[in-house]
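Undergrad: The chain contents come next:
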Amino acid sequence: MSLYEIRDMAIQIDGRQLVEGVNISVEAGKCTAIIGASGSGKSLSCLTPFGLTPGKAVGSIKLDGIDLLKANAHQQMKLRSHLTGFVFQQPLTALTPHLTIGAQLKEAAAQAGPPALSRHDLAQKLERVGLSRADERLDQFPHRLSGGERQRVMIAAAIAHKPKLLIADEPTSALDASLRGEIMTLLDDLREEQRLAMLLVSHDLASVENHADHLIVMEEGRVVESSPTADLIACPKKDYTKRLIAATPRLYEPPPDLPATGHVLIDTKDVNIVFPKPGWRRGKIEAVVDASLTVRKGEALAIVGGSGSGKSTLGRAIAGIGPLTSGVISWRGEHLPERRDRNLAMRALIQPVFQDPVASLDPQWKLRDIISEPLKNLRPDINQQTREEMVLKALYDVKLGEEYLDRKPASLSGGQAQRVAIARAIIAGPELLVLDEATSALDPLVGSSILQLLAELQRSKEISLILITHDIASARRICHRIAVLDEGHIVEIGEMETVIGNPQAVATQKLVAAS
Amino acid sequence: MLALVARRLMTAIPTLLAIILTSFFLMRLAPGGPFDGERPLPPETQAALQTAYGLDKPLWEQAWLYISRLAQGDFGPSLVYRDFTVSELVAQGLPISLTLGGLAIALALLIGVSAGLFAAVRAGKAADKTIMMLATVATALPTFVTGPALALLFGLWLGLLPVSGTGEGWSWLIMPVVALALPVSGAIAKLTRAGLATVLKQDHIRTARARGLPETKILFKHGLRPALVPVASYLGPAAAGLLTGAVVVETVFGLPGLGRYFVQGALNRDYPLVLGVVTLYATLIILFNLFADLIYGWLDPRMRDG
Amino acid sequence: MRRLLNRVHWPLWVVLVLIALALILPLVSPWTYDQIDWEAVRAPAFSGSHIFGTDEIGRDRLARLAAGTQVTLMVAIAAALVSLVVGIAWGATAGWVGGKVDEAMMRFVDALYALPFMFIVILLMVIFGRSILLVFIGIGLVEWLTMARVVRGQVMALKQRPFILAAEAAGTPPRTIILKHVLPNIAGVALAYLMLTVPQVVMVESFLSFLGLGVQEPLTSLGILVKEGADDMDMTPLGLLLPGGLLVIILVCLTIEGERLRDIFS
Chain A
1 MSLYEIRDMA IQIDGRQLVE GVNISVEAGK CTAIIGASGS GKSLSCLTPF
51 GLTPGKAVGS IKLDGIDLLK ANAHQQMKLR SHLTGFVFQQ PLTALTPHLT
101 IGAQLKEAAA QAGPPALSRH DLAQKLERVG LSRADERLDQ FPHRLSGGER
151 QRVMIAAAIA HKPKLLIADE PTSALDASLR GEIMTLLDDL REEQRLAMLL
201 VSHDLASVEN HADHLIVMEE GRVVESSPTA DLIACPKKDY TKRLIAATPR
251 LYEPPPDLPA TGHVLIDTKD VNIVFPKPGW RRGKIEAVVD ASLTVRKGEA
301 LAIVGGSGSG KSTLGRAIAG IGPLTSGVIS WRGEHLPERR DRNLAMRALI
351 QPVFQDPVAS LDPQWKLRDI ISEPLKNLRP DINQQTREEM VLKALYDVKL
401 GEEYLDRKPA SLSGGQAQRV AIARAIIAGP ELLVLDEATS ALDPLVGSSI
451 LQLLAELQRS KEISLILITH DIASARRICH RIAVLDEGHI VEIGEMETVI
501 GNPQAVATQK LVAAS
Chain B
1001 MLALVARRLM TAIPTLLAII LTSFFLMRLA PGGPFDGERP LPPETQAALQ
1051 TAYGLDKPLW EQAWLYISRL AQGDFGPSLV YRDFTVSELV AQGLPISLTL
1101 GGLAIALALL IGVSAGLFAA VRAGKAADKT IMMLATVATA LPTFVTGPAL
1151 ALLFGLWLGL LPVSGTGEGW SWLIMPVVAL ALPVSGAIAK LTRAGLATVL
1201 KQDHIRTARA RGLPETKILF KHGLRPALVP VASYLGPAAA GLLTGAVVVE
1251 TVFGLPGLGR YFVQGALNRD YPLVLGVVTL YATLIILFNL FADLIYGWLD
1301 PRMRDG
Chain C
2001 MRRLLNRVHW PLWVVLVLIA LALILPLVSP WTYDQIDWEA VRAPAFSGSH
2051 IFGTDEIGRD RLARLAAGTQ VTLMVAIAAA LVSLVVGIAW GATAGWVGGK
2101 VDEAMMRFVD ALYALPFMFI VILLMVIFGR SILLVFIGIG LVEWLTMARV
2151 VRGQVMALKQ RPFILAAEAA GTPPRTIILK HVLPNIAGVA LAYLMLTVPQ
2201 VVMVESFLSF LGLGVQEPLT SLGILVKEGA DDMDMTPLGL LLPGGLLVII
2251 LVCLTIEGER LRDIFS
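Taken in order, these protein sequences are the chains called A, B and C.
Going by our numbering, the first residue of the first sequence is number 1, and it counts up by one from there.
Going by our numbering, the first residue of the second sequence is number 1001, and it counts up by one from there.
Going by our numbering, the first residue of the third sequence is number 2001, and it counts up by one from there.
Treat the hints as calculated values from the structure; they're not laboratory data.
Be a bit skeptical, because a hint or two may be false.
Stated by the list, open to error - List of simulated lysine-lysine pairs, DSBU-like, C-alpha gap at most 30 angstroms:
hint, chain 1, residue 1, chain 2, residue 2
1, B, LYS1221, A, LYS162
2, A, LYS162, B, LYS1125
3, A, LYS408, C, LYS2180
4, A, LYS366, A, LYS30
5, A, LYS78, B, LYS1125
6, A, LYS376, C, LYS2180
7, B, LYS1217, A, LYS56
8, A, LYS366, C, LYS2159
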């Protein structure tokens, strides 16, 4: 008999059936994980039984032997507050901004009704989840803590009342790659220590496969496959699961076969990028310090680092769309000036692609105008008719058809929008693309197809790539070399396989361990 | 937090000086002067008066003199009410204006926040829509229409409340305060409702709900404070609006407040009086903004570090 | 055109009908707004050709209402456009240039925001005489602030959007980026705030006229009519209630419409 057992659940919102035929069971001390793309109904299935979504669930949902759907409102609230704890995705917003950590932890501990805890007890709870200077933190407001620290507070609060079931909805996806492993390990330890049943929700197979006992794969509101983790990974039965596993890169897979590289295209020497602090405050923020790197013809370089490491800033300086304080960027040995001083010929060489595909297309423009924008400016020699042919060609290059020409960005999915952004980037025939987290806002299957598209372009058009990312395993599938950025410094740079095989810098070691 | 207050005060002084100087030079740029009566005075008398009040000195020197006297709390003599100093006139008017403004903002906060809260709790229902429609109408009610209309209804037709003057007791305050408070309360109701609608969708409310807290506790302990941040930032402009509205209300209801002195003073070119009132108004508004900043910090601790 | 008409909500129709009436009435009415009917002073409603009666010196109320509405709305629309131009120029510059320039420009706006600006306007009116041009300038001075803030916020947000950076990388010159990418994307919000500025301006103009500092005789405006009505309300309440009611209807309708547009676009 499992602690938490869902049989044949369906969920409706405003009369629309969004989830059906879902079976989930979690045993005490074990972890069940639900994997799925956005919109697959995975979060809905976990949160709706507890009244945390606008949805309405039907079926049989038993927690500790009591049917949640047959319980009255009072019993339901009690089941929720006594037996269950929750950890959510966004640690930055999941804590009440105007209450101290101590006050919120106290509220969480008191939800099941035992006498209020002493300050010492509260501090101990914070120490248990790995927070130093716990006593001091009790009086702090959430905004003083980093994202990782806040997620630890969330976990402490979720288990403060000793629940039997812990529901964690994407607990690590908003955190830096190097922190994810630590948080997952903490959850594992607590689960064993308190014999918690844990229900984990994630879009990322790689981040949960080493922590879950049982995996459930969901797609479009239905369960595709549900098996013990090892079985599911070793012999997936359904096509969707197979594609999902193939789309999840792992560091232990054999190294990919990459195209040959030519002479050096871009060469940066001692690049420094410094921002003034916002407002009237004095002082400066050194975003990038003495960064030197090269990219060859046909080569792909991964620039990897956590958030705030300066990787995007460096990428923008190279692409000529961000500031450069000092240092030299040269192209085939010739000096490439900064931002405003780049002429059209220089612009034509390097094109960027961004993380948020929808935000990178002007919502007021038609796709034909969006894609032809670089062509109009950078290749004024081309006439209207040729231009239209080239737009069409670029659409085909990114595997889209001419029916897209007159559509507007709002009607596109994330993957389609990113393909359009790539079409715009390649149309004027650049030699280097700077891809800033170009796949990380997309669902894994979509992201991996974009990565594959890039690999094809790399071969067919001999385009060099700079892939800015936090995800080493993905980068390894198309990149020859890797540069690791930490707090603005390039702490390690070299051949991909060498660096992954024997990471030298601490930051690299953390990133590799987390992958 | 202390640093924030200190910084605000540091910027307040130059702001105040800028206002005083702007008003000072604006008035002096104008043609005409305080002694242009119906019958022109003989030139010698004009000159004597000019000298007596220091109006013959260079403008910069006059400005400097004025500000250095002001620093000692001396607003100078009134040029039109010749037996009074500006300080005496202001001492009469200020309490009335402050009472009006203070009561109006208190009433507006009381009505506005509770109406906004009620509407947010009933989101999407008939009560919500009715309250929000009423709030929109209230924001569009100009004081100079509601003032006379109230006077007409409750004063002339029903005879319940005094139409003019301060009179006995406090019943004379009701209509002016209501006329002043109505548009502000409408705006506050809308801001509160919108603030709550935003906050109640946020993640930390879901966290609180996941703890099984009762809805009222979620609303008051976790939701209300961040939802009032827009209200706090509206308080500064609201205070400025109330002071302007008070000019009308004091005229309509014949109350001897600062606003009337201002209009009279401006029409009569009574430089020291007008400058005095502008200085006081500016100081009041700056102080009120400072107060709003403090509330801001209480509502949202992130502001305290700013 | 049809799509545009479909997007117009009832409150705007009310205002449009009122404007049409205010424009047509003077053409068909036997009385002008400043013409005195010596035989009918303080005539009650529906007496002879005076549908709403006459005021305390025998002028036709309906004709005066039409004239007052015309002046009030004309001043309001003109001043709102002034505030639109100044606000967009100021806000877009601050938002686009950013950094210390933005900081300084917005501090200036903040400082003005909290000031008893109305009093400076009153001073201006008193000192430089009461021309209708000065009413525009005075009101424009007060009302551009909100527009500047809103536009600046929009531009700041847009500037961070990758499609602007992509346009820069595509070699699009800054002028074209502003004209083709930035302005079209803030047009909706600017329109909504323009709609919200009109009632604000109506309020300020009427306020000044009420104090006797705005539009001057023989011209009239709704503010002046309210003032005249208030002075004479113990004799003829209609004199206060008609222009007051009309003013409130216009203000309420414009506010509802503006808020609706604002909610759609932001």
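Undergrad: Next, verify each hint and record whether it holds.
TA: Right, here's what the structure says about each hint:
1. This hinted pair checks out: LYS1221/B and LYS162/A have alpha carbons roughly 23 angstroms apart, not beyond 30 angstroms.
2. As the CA atoms of LYS162/A and LYS1125/B are separated by approximately 39 angstroms, the hinted pair breaks the 30 angstroms bound.
3. Between LYS408/A and LYS2180/C the CA atoms are separated by roughly 15 angstroms; this keeps the pair inside 30 angstroms, and the hint holds.
4. Restraint check: the Cα-Cα separation between LYS366/A and LYS30/A comes to about 51 angstroms, which exceeds 30 angstroms; the hinted pair is violated.
5. Annotation: proposed proximity of LYS78/A to LYS1125/B holds, straight-line Cα distance about 29 angstroms (limit 30 angstroms).
6. Between LYS376/A and LYS2180/C the alpha-carbon distance is near 14 angstroms, which keeps this suggested pair within the 30 angstroms criterion.
7. For the hint linking LYS1217/B to LYS56/A, the alpha-carbon distance of about 24 angstroms falls within 30 angstroms, and the restraint holds.
8. About 20 angstroms separates the Cα atoms of LYS366/A and LYS2159/C, which keeps this hinted pair within 30 angstroms; it holds.
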